[in-house]
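Each protein sequence line maps, in turn, to chains A and B.
For the first sequence, my numbering gives the first residue as 2, with consecutive numbering after it.
For the second sequence, my numbering gives the first residue as 2, with consecutive numbering after it.
Careful: at least some of the hints might be erroneous.
Copies of the same chain look alike in the list, so a pair counts if it works inside one copy or between any two.
With a straight-line Cα cutoff of 20 Å, these simulated EDC-like cross-link-like pairs (lysine to aspartate or glutamate) come out [said to hold, decoys possible]: (1) K259 to E224; (2) K37 to D50; (3) K348 to E77.
Hints listed in this document are in silico derivations from the structure and should not be mistaken for laboratory results.
2 protein chains.
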Amino acid sequence: MEESKDHTTPKVRQGVAQPNKLNPKLARFQRKRKPKTAEAYVKGILRGDRMLLSQAITLIESTNPQHQALATEIIEQCLPSSGNAIRLGITGTPGVGKSTFIESFGLSIIEQGEKVAVLAVDPTSQVTKGSILGDKTRMAKLSTHPQAFIRPSPAGTSLGGVARSTRETILLCEAAGYDCILVETVGVGQSEIAVHSMVDFFLLLLLPGGGDELQGIKRGIVEMADLVAVNKADGAALALAKQSKQAYRNALHLFPPKASQWVPQVVVCSALSGLGLDKIWALTQDYVQATKDSGFFDNNRRQQAKYWFQETISAQLQALFYEQPAIRAKLQSLEQAVELGQHSPFKAADLLLALFRQSFQK
Amino acid sequence: MEESKDHTTPKVRQGVAQPNKLNPKLARFQRKRKPKTAEAYVKGILRGDRMLLSQAITLIESTNPQHQALATEIIEQCLPSSGNAIRLGITGTPGVGKSTFIESFGLSIIEQGEKVAVLAVDPTSQVTKGSILGDKTRMAKLSTHPQAFIRPSPAGTSLGGVARSTRETILLCEAAGYDCILVETVGVGQSEIAVHSMVDFFLLLLLPGGGDELQGIKRGIVEMADLVAVNKADGAALALAKQSKQAYRNALHLFPPKASQWVPQVVVCSALSGLGLDKIWALTQDYVQATKDSGFFDNNRRQQAKYWFQETISAQLQALFYEQPAIRAKLQSLEQAVELGQHSPFKAADLLLALFRQSFQK
Numbered sequence: 002m003e004e005s006k007d008h009t010t011p012k013v014r015q016g017v018a019q020p021n022k023l024n025p026k027l028a029r030f031q032r033k034r035k036p037k038t039a040e041a042y043v044k045g046i047l048r049g050d051r052m053l054l055s056q057a058i059t060l061i062e063s064t065n066p067q068h069q070a071l072a073t074e075i076i077e078q079c080l081p082s083s084g085n086a087i088r089l090g091i092t093g094t095p096g097v098g099k100s101t102f103i104e105s106f107g108l109s110i111i112e113q114g115e116k117v118a119v120l121a122v123d124p125t126s127q128v129t130k131g132s133i134l135g136d137k138t139r140m141a142k143l144s145t146h147p148q149a150f151i152r153p154s155p156a157g158t159s160l161g162g163v164a165r166s167t168r169e170t171i172l173l174c175e176a177a178g179y180d181c182i183l184v185e186t187v188g189v190g191q192s193e194i195a196v197h198s199m200v201d202f203f204l205l206l207l208l209p210g211g212g213d214e215l216q217g218i219k220r221g222i223v224e225m226a227d228l229v230a231v232n233k234a235d236g237a238a239l240a241l242a243k244q245s246k247q248a249y250r251n252a253l254h255l256f257p258p259k260a261s262q263w264v265p266q267v268v269v270c271s272a273l274s275g276l277g278l279d280k281i282w283a284l285t286q287d288y289v290q291a292t293k294d295s296g297f298f299d300n301n302r303r304q305q306a307k308y309w310f311q312e313t314i315s316a317q318l319q320a321l322f323y324e325q326p327a328i329r330a331k332l333q334s335l336e337q338a339v340e341l342g343q344h345s346p347f348k349a350a351d352l353l354l355a356l357f358r359q360s361f362q363k
Numbered sequence: 002m003e004e005s006k007d008h009t010t011p012k013v014r015q016g017v018a019q020p021n022k023l024n025p026k027l028a029r030f031q032r033k034r035k036p037k038t039a040e041a042y043v044k045g046i047l048r049g050d051r052m053l054l055s056q057a058i059t060l061i062e063s064t065n066p067q068h069q070a071l072a073t074e075i076i077e078q079c080l081p082s083s084g085n086a087i088r089l090g091i092t093g094t095p096g097v098g099k100s101t102f103i104e105s106f107g108l109s110i111i112e113q114g115e116k117v118a119v120l121a122v123d124p125t126s127q128v129t130k131g132s133i134l135g136d137k138t139r140m141a142k143l144s145t146h147p148q149a150f151i152r153p154s155p156a157g158t159s160l161g162g163v164a165r166s167t168r169e170t171i172l173l174c175e176a177a178g179y180d181c182i183l184v185e186t187v188g189v190g191q192s193e194i195a196v197h198s199m200v201d202f203f204l205l206l207l208l209p210g211g212g213d214e215l216q217g218i219k220r221g222i223v224e225m226a227d228l229v230a231v232n233k234a235d236g237a238a239l240a241l242a243k244q245s246k247q248a249y250r251n252a253l254h255l256f257p258p259k260a261s262q263w264v265p266q267v268v269v270c271s272a273l274s275g276l277g278l279d280k281i282w283a284l285t286q287d288y289v290q291a292t293k294d295s296g297f298f299d300n301n302r303r304q305q306a307k308y309w310f311q312e313t314i315s316a317q318l319q320a321l322f323y324e325q326p327a328i329r330a331k332l333q334s335l336e337q338a339v340e341l342g343q344h345s346p347f348k349a350a351d352l353l354l355a356l357f358r359q360s361f362q363k
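With the hints as extra help, turn the sequences into a complete structure.
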């Protein structure tokens, strides 16, 4: 885990002879591996160097403390140049065609002159080795487009870890000049909350079908949506998709108004035929305009920054707590006693907190 | 704040001469105030002594460490005798008639042979001096009924404090033999989450009206409801209430299924005429039976206990963190820098965490 996950430069293995005089290629690699300064990364990112952007993201994702310190420095220096993109979250159940949608939608935005970055928050990639975006070939055209930058979710990390690295990657992509950041996620509830807290606009993809289709979506996700797009509205499914649009519209109407004052819209679209893609981008821009005018846009970003600040404190405090040997020794038996009703949950928590204070004062 | 909030026994003020030989009434009070042991309280609670139950709850609500220690002991000893009631959460927007509903509903349950306790989670009572249950006269019959026990929300406490004391009070009421615990709350979102995490069944009261009425309810609350009751279904409003019932039923149908597998029901009721009250109690019992059969009931209570255990740890860790002088000195400026985009939220959090570790290791 101490090793960098940098997959953009080959690794020079320890113990291997270093025949740099004999092998000019390896010598070049070794020069390349000379640690770059934060300034070098930042300069490269600001001029849109994709290789340096990739490497900086790899530093963000690394668990090596030196890499983390360097990443933090890069981020801090990029901050003044960040914040200018539209951050768009995209979710939907498996089978809704997210990858194909992002491929088509991304290309349609690029046609309008924008630079697009695609990121992902997929904590399940730990198990599935990257169920989304892992395979760039699913976005064959977009991934090779010079105006697009695609970065899969890092594998083997917790939701907290993925969320943090994605949140920080957004900043670097913005500094690198991307105008629209698409953050893809899977419909597992917690990851939607994380993505919702780092984007400006939240798009939910659904399949044509009755109102019952909403049943496949985790509780709370529908409420987050600023826009519902009924995807695969092509061929024989077009008529059904239009019916679904009406059903979803009625359903959304029953939800309480959003803090943004934005009334969530429902559209039909097809990644295949391109139907509705322009409309989705136009609605996104309408939203940005309306919320910038009302002040919600900027206020929401401030609230989001505060949220991540507080969330990080809370998460790290808990990590610190649960890693204490004194806590670990007692936790399981106390938790069991609580679940069996042998201890009040408050009393049990108090007991552990007392241990925590003691273990720190040693 | 160090002083007990015990309002069941008059206080003997410091500095006042103690004429107990001259005043037999005061002498009796002073004997009464001799600290009782936890065993004395527990014995009283178990035989259903309302005075001792009230006093024990006052200890729970007290901020005096000695009272808290005694309260904890009482709770721990009552635990084996607790858990046998149906815990029912009730919410609804102001004006929906919660107090009148609870008065009528409580009396109708008592008629069926049950003992009813009514508690409240109302963090707003800090401001409004107890906007709900504060005035027992609004439940004139129920509050004087020997089979009922009503306890207002303690004033001047945070949601966390009220939630904890209410959660603990439930246990004491159960040990005292109450079969049904009604926990009332107001429609402000956070307090519903707290109540939802301490009850078995969650009832949402709505007014007759179009589906648009749902708009008055905070996001997420409708999703928690196991039962929606359209109240004030009497007189000219009866027909409208029946229409609303259908509209709400259609709306609820669009929500994803609940973990309990229970399909939320919608009924009309009237606290005035008594219409529907029996049905609400019957549905509550159906729910309890169905979820006990499926194992959800017990599992849910275990999960709730675990939730409060973890929530308490998290809340107290944060309290500990934010009370450190080193943190307080830096917090505001860092938070501001985060909001203004001058610091990454993660970097700012890391800085504070480093201070926290240092301030502990001193």
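- [ ] Starting from the hint list further up, note which numbers the structure goes against and sort them upward.
- [x] none
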